[in-house]
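**Q** Whenever a hint applies, use it, and build me the whole structure from the sequences.
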Amino acid sequence: MRFEQPTAPHAPPLVSVPIVMRRVLFALAPAAICHAWFFGFGLLLNFALAAVGALLAEGAVLRLRGRPTRYALNDGSALVTSALLSFTLPPIVPFWIPLLGSAFAITVAKQLYGGLGKNLFNPAMVGFVFLLISFPVEMTQWIPPRMGDLDYRHLDVGQHVTYVFTGRLPAEVDVDALTRATPLDLVKEGLRAGRPFEEIRSGSLFGDFGGRGWEWVANLIAIGGLYLLYTGTIRWHIPVAYFAGLLAPATVLYLIDPSSYASPGFHLFSGAAMLGGFFVATDPVSAAATVRGRLIYGACIGMLIYTLRTWGAYPDGVAFSVLLMNGAVPLIDRYTRPRIYGQA
Amino acid sequence: MVDYVFEKHLSGGILLPASKAASTTGPIRRGLVPSKLVLALRQHRGQPAEAVVGIGDRVLKGQMIARAGTGGPSAAVHASSSGTVRAIEDRPVLGSSGVQSSPCIVIETDGRDERAPASIATWPTDADTQRDAIRAGGIVGLGGAVYPTADKLATPVPCKTLIVNGAECEPYISCDDMLMRENAPEIVAGALLLADVLAAPRCIIAIERDKPQAMEAIEEAAKRIDDPRLKLAEVPTIYPAGGERQLVELLTGEEVPSGRYPGEFGYVCQNVGTAFAVERLRAAHEPLLSRIVTVTGRGVGAPQNVETPIGTPVAELIAFCGGYNPDVVRLIAGGSMMGYALPDDEVPVSKATNCIIAATAIEVRLDPYEWPCIRCGDCAMVCPSRLLPQDLLIAANAVDFPALATLGLTDCIECGCCDVICPSHIFLTERFRVAKRAVAAHEQYKKTSESP
Numbered sequence: 001m002r003f004e005q006p007t008a009p010h011a012p013p014l015v016s017v018p019i020v021m022r023r024v025l026f027a028l029a030p031a032a033i034c035h036a037w038f039f040g041f042g043l044l045l046n047f048a049l050a051a052v053g054a055l056l057a058e059g060a061v062l063r064l065r066g067r068p069t070r071y072a073l074n075d076g077s078a079l080v081t082s083a084l085l086s087f088t089l090p091p092i093v094p095f096w097i098p099l100l101g102s103a104f105a106i107t108v109a110k111q112l113y114g115g116l117g118k119n120l121f122n123p124a125m126v127g128f129v130f131l132l133i134s135f136p137v138e139m140t141q142w143i144p145p146r147m148g149d150l151d152y153r154h155l156d157v158g159q160h161v162t163y164v165f166t167g168r169l170p171a172e173v174d175v176d177a178l179t180r181a182t183p184l185d186l187v188k189e190g191l192r193a194g195r196p197f198e199e200i201r202s203g204s205l206f207g208d209f210g211g212r213g214w215e216w217v218a219n220l221i222a223i224g225g226l227y228l229l230y231t232g233t234i235r236w237h238i239p240v241a242y243f244a245g246l247l248a249p250a251t252v253l254y255l256i257d258p259s260s261y262a263s264p265g266f267h268l269f270s271g272a273a274m275l276g277g278f279f280v281a282t283d284p285v286s287a288a289a290t291v292r293g294r295l296i297y298g299a300c301i302g303m304l305i306y307t308l309r310t311w312g313a314y315p316d317g318v319a320f321s322v323l324l325m326n327g328a329v330p331l332i333d334r335y336t337r338p339r340i341y342g343q344a
Numbered sequence: 345m346v347d348y349v350f351e352k353h354l355s356g357g358i359l360l361p362a363s364k365a366a367s368t369t370g371p372i373r374r375g376l377v378p379s380k381l382v383l384a385l386r387q388h389r390g391q392p393a394e395a396v397v398g399i400g401d402r403v404l405k406g407q408m409i410a411r412a413g414t415g416g417p418s419a420a421v422h423a424s425s426s427g428t429v430r431a432i433e434d435r436p437v438l439g440s441s442g443v444q445s446s447p448c449i450v451i452e453t454d455g456r457d458e459r460a461p462a463s464i465a466t467w468p469t470d471a472d473t474q475r476d477a478i479r480a481g482g483i484v485g486l487g488g489a490v491y492p493t494a495d496k497l498a499t500p501v502p503c504k505t506l507i508v509n510g511a512e513c514e515p516y517i518s519c520d521d522m523l524m525r526e527n528a529p530e531i532v533a534g535a536l537l538l539a540d541v542l543a544a545p546r547c548i549i550a551i552e553r554d555k556p557q558a559m560e561a562i563e564e565a566a567k568r569i570d571d572p573r574l575k576l577a578e579v580p581t582i583y584p585a586g587g588e589r590q591l592v593e594l595l596t597g598e599e600v601p602s603g604r605y606p607g608e609f610g611y612v613c614q615n616v617g618t619a620f621a622v623e624r625l626r627a628a629h630e631p632l633l634s635r636i637v638t639v640t641g642r643g644v645g646a647p648q649n650v651e652t653p654i655g656t657p658v659a660e661l662i663a664f665c666g667g668y669n670p671d672v673v674r675l676i677a678g679g680s681m682m683g684y685a686l687p688d689d690e691v692p693v694s695k696a697t698n699c700i701i702a703a704t705a706i707e708v709r710l711d712p713y714e715w716p717c718i719r720c721g722d723c724a725m726v727c728p729s730r731l732l733p734q735d736l737l738i739a740a741n742a743v744d745f746p747a748l749a750t751l752g753l754t755d756c757i758e759c760g761c762c763d764v765i766c767p768s769h770i771f772l773t774e775r776f777r778v779a780k781r782a783v784a785a786h787e788q789y790k791k792t793s794e795s796p
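Protein chains in written order, with the numbering used here: chain A, 1 to 344; chain B, 345 to 796.
Quick caveat, the hints were computed from the structure, so don't treat them as lab data.
Hints may contain errors.
Claimed, not checked - Label-pair distances were calculated between CB atoms; the ranges are:
| # | chain 1 | residue 1 | chain 2 | residue 2 | range |
| --- | --- | --- | --- | --- | --- |
| 1 | A | Lys118 | B | Gln444 | 34 to 42 Å |
| 2 | A | Arg67 | B | Ile399 | 38 to 46 Å |
| 3 | A | Arg334 | B | Glu608 | 26 to 34 Å |
| 4 | A | Val291 | B | Asp570 | 39 to 47 Å |
| 5 | B | Arg553 | A | Ile19 | 22 to 30 Å |
| 6 | B | Pro670 | A | Leu324 | 54 to 62 Å |
| 7 | B | Val346 | A | Leu226 | 37 to 45 Å |
| 8 | B | Ala742 | A | Tyr230 | 32 to 40 Å |
| 9 | B | Pro746 | A | Pro18 | 31 to 39 Å |
Stated by the list, open to error - Here are the simulated lysine to any residue pairs, SDA-like style, with alpha carbons at most 20 Å apart:
| # | chain 1 | residue 1 | chain 2 | residue 2 |
| --- | --- | --- | --- | --- |
| 10 | B | Lys352 | A | Gly342 |
| 11 | B | Lys364 | A | Pro12 |
| 12 | B | Lys364 | B | Arg709 |
Idealized CB from N, CA, C, for every residue including glycine.
**A** Have a look at this one:
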């Protein structure tokens, strides 16, 4: 009998890129459902729209670059970018926001750098920042959670879809009646106006740690993150360093002056902190790849988030912090190479 | 009283799904007498053996048919059964670095398995003569590296520790496990013989944690012999804990410097099968005529370990184990991580052949598609040499010689960990092999172009 002679190792691979991407999507699913429970199905609609934009953009650019599309479109990476982007968008936005954001993310942040694995910056965060800077009005229309004791006007499904695709609202409501400042906004403005943190926190939108509803989404994102750790999809170094970097200054300053600084619990459960630590900073392509590098990278992102939230212009700082540190990755990796076995 | 050595540190490594169960259900099967023997003169590292028989000669089992070559490490080759020399010609055989062409002595056996008289009457007492006996006994490292044992026992510095390697970390191989279960007293005695030759003050027998029966047998034998030099170590079941450099790191916490050998620093590793062969040479005056081969994989009828005469064509060994199953797609000599795919089953079992895997489609990688590297860094996490395969890949693709040197290409031991963990299914190990050849060619070119 004659046989083929490929080289070792012969053992089949243990995991694949599509499996990794599927695990990330799977890990985000509980948080997405929870988000839908508190804020309506906006996130799911945004994800669907973002996915369409991402896949169309990816297919089009691959075609222009003369690259095969079948494996690239099926690897799930565009869907992960879309999912992460949809978590950063307000639940009620015009349909072209997610479409444009994900198309920009894929085209500019991913394909122009050479496609999967070649991008210096996290595409979802590039898409988010692009939208935030270009369309600040649409990108800050946050709605409060649907909870029995909170008396806010909410759109039903038909009204929501009509607004998303046509911009028309029911006659008796305008956009301002639907939207509210987020807990991060309230804390930032309140502290700036000199109100003590505890007083700001006693408002009806605040829960145990962060905002009501939002903190539950954050809980489920954390559980999704633990699932990724458990399956070995991500390693512990970046999340641990990231949360340490965020919580260390938050704890110190809060202990020194609890009335002028938000509590560490608030920082952890508010905004995109949880999503950033488990799903964004851990994006392998744009993160540091060495062990020591990952600790530095994660810690720096955490500290930058705290800095931007406390002293910066925007209420949250996850996207900017991640993108800043993405730019530092080649340098970090270069100076944190491990000592090779048997070499001095 | 048995002393234990505890594990210190191991870099990288990977937990692989074990596939040893199928071949360890029954005892080692003996009594295979093949119809033909193909005995390679170049089946060990170093100098080829030199034939001392001619075509048409009748040879007996145990008769030396090729003496150890001169001018470098070498070992003799013996007829593993009785018969007539039919040809001396080049054939593909498994050597230390894969399937290569080697002059071979082809013997048609007569089925009588008639023994030659023993070549040595008594085991010599001084180390030099003992090494000569080991060389003439054809004994080479049976872990797969096939370095002539006599030469490995001549260390440039006094030996601090002899490490007898029973780790056997490759997921399919179980020949050392079974040998330890069945012949523990001989292995322990052989280990001490090797320690005698080396004048080593300490001899550690290291066994992976997934072999409790082997450990128990060795413990029992060690208790009976009760030698103060003897220590046992249970090492974690992590691939590639059985690599020589890895085992030194694991047991001593020391690292073998880049480009050097453990022997230069007082550490000598010998496989348990080698220890067994040395003890057989001493006790039964029998040179290395056979070795235990794990025949396994879903593509073979009855997976098991077989005491196989050196030179047996793989086809006869497979037939002895129930033949092929219809869906066999690949024949691997050695393990699934570092073994070599055989071109056909006419290739003989050599001293390097510790395992034959008849693999079906689900046991091997068939799809050659590679996704782009997503820089997940898992390859760096599992690399036992602490390299950064993702960066080496870029340097290898760019044929960037300075970067390849800085990133430690030559320290890659080609264990394959990075390949199987890679979610992008990139053929990293093969790229590094190609890059190593390019570096060697480049060095050669520099040398010739600089000379006047």
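**Q** If a hint holds in the structure, say so; if it doesn't, say that too.
**A** Here is what the structure says about each hint:
A beta carbon spacing of about 39 Å between Lys118 (chain A) and Gln444 (chain B) agrees with the range 34 to 42 Å that was offered as a hint. Checked against the hint of 38 to 46 Å, the pair Arg67 (chain A) and Ile399 (chain B) fails, with Cβ atoms roughly 60 Å apart. Checked against the hint of 26 to 34 Å, the C-beta distance between Arg334 (chain A) and Glu608 (chain B) comes to roughly 32 Å, which is consistent with it. For the pair Val291 (chain A) and Asp570 (chain B), the beta carbons lie near 44 Å from each other, so the given range of 39 to 47 Å is met.
A hinted range of 22 to 30 Å holds for the C-beta pair Arg553 (chain B) and Ile19 (chain A), which are about 29 Å apart. With their beta carbons about 59 Å apart, Pro670 (chain B) and Leu324 (chain A) fall inside the hinted range of 54 to 62 Å. Judged by the Cβ atoms, the range 37 to 45 Å given for Val346 (chain B) and Leu226 (chain A) holds: they are separated by roughly 43 Å. A hinted range of 32 to 40 Å for the beta carbons of Ala742 (chain B) and Tyr230 (chain A) is consistent with their spacing of about 37 Å.
Remark: the range hint 31 to 39 Å for Pro746 (chain B) to Pro18 (chain A) is upheld by a beta-carbon distance near 36 Å. A distance of roughly 16 Å separates the Cα atoms of Lys352 (chain B) and Gly342 (chain A); the hinted pair therefore holds under the 20 Å criterion. Among the hinted pairs, Lys364 (chain B) with Pro12 (chain A) is consistent with the structure: their alpha-carbon atoms are about 16 Å apart, no more than 20 Å. For the given pair, Lys364 (chain B) sits about 19 Å from Arg709 (chain B) by alpha-carbon distance, which is consistent with the 20 Å threshold.
In summary, the one numbered hint that this structure violates is 2.
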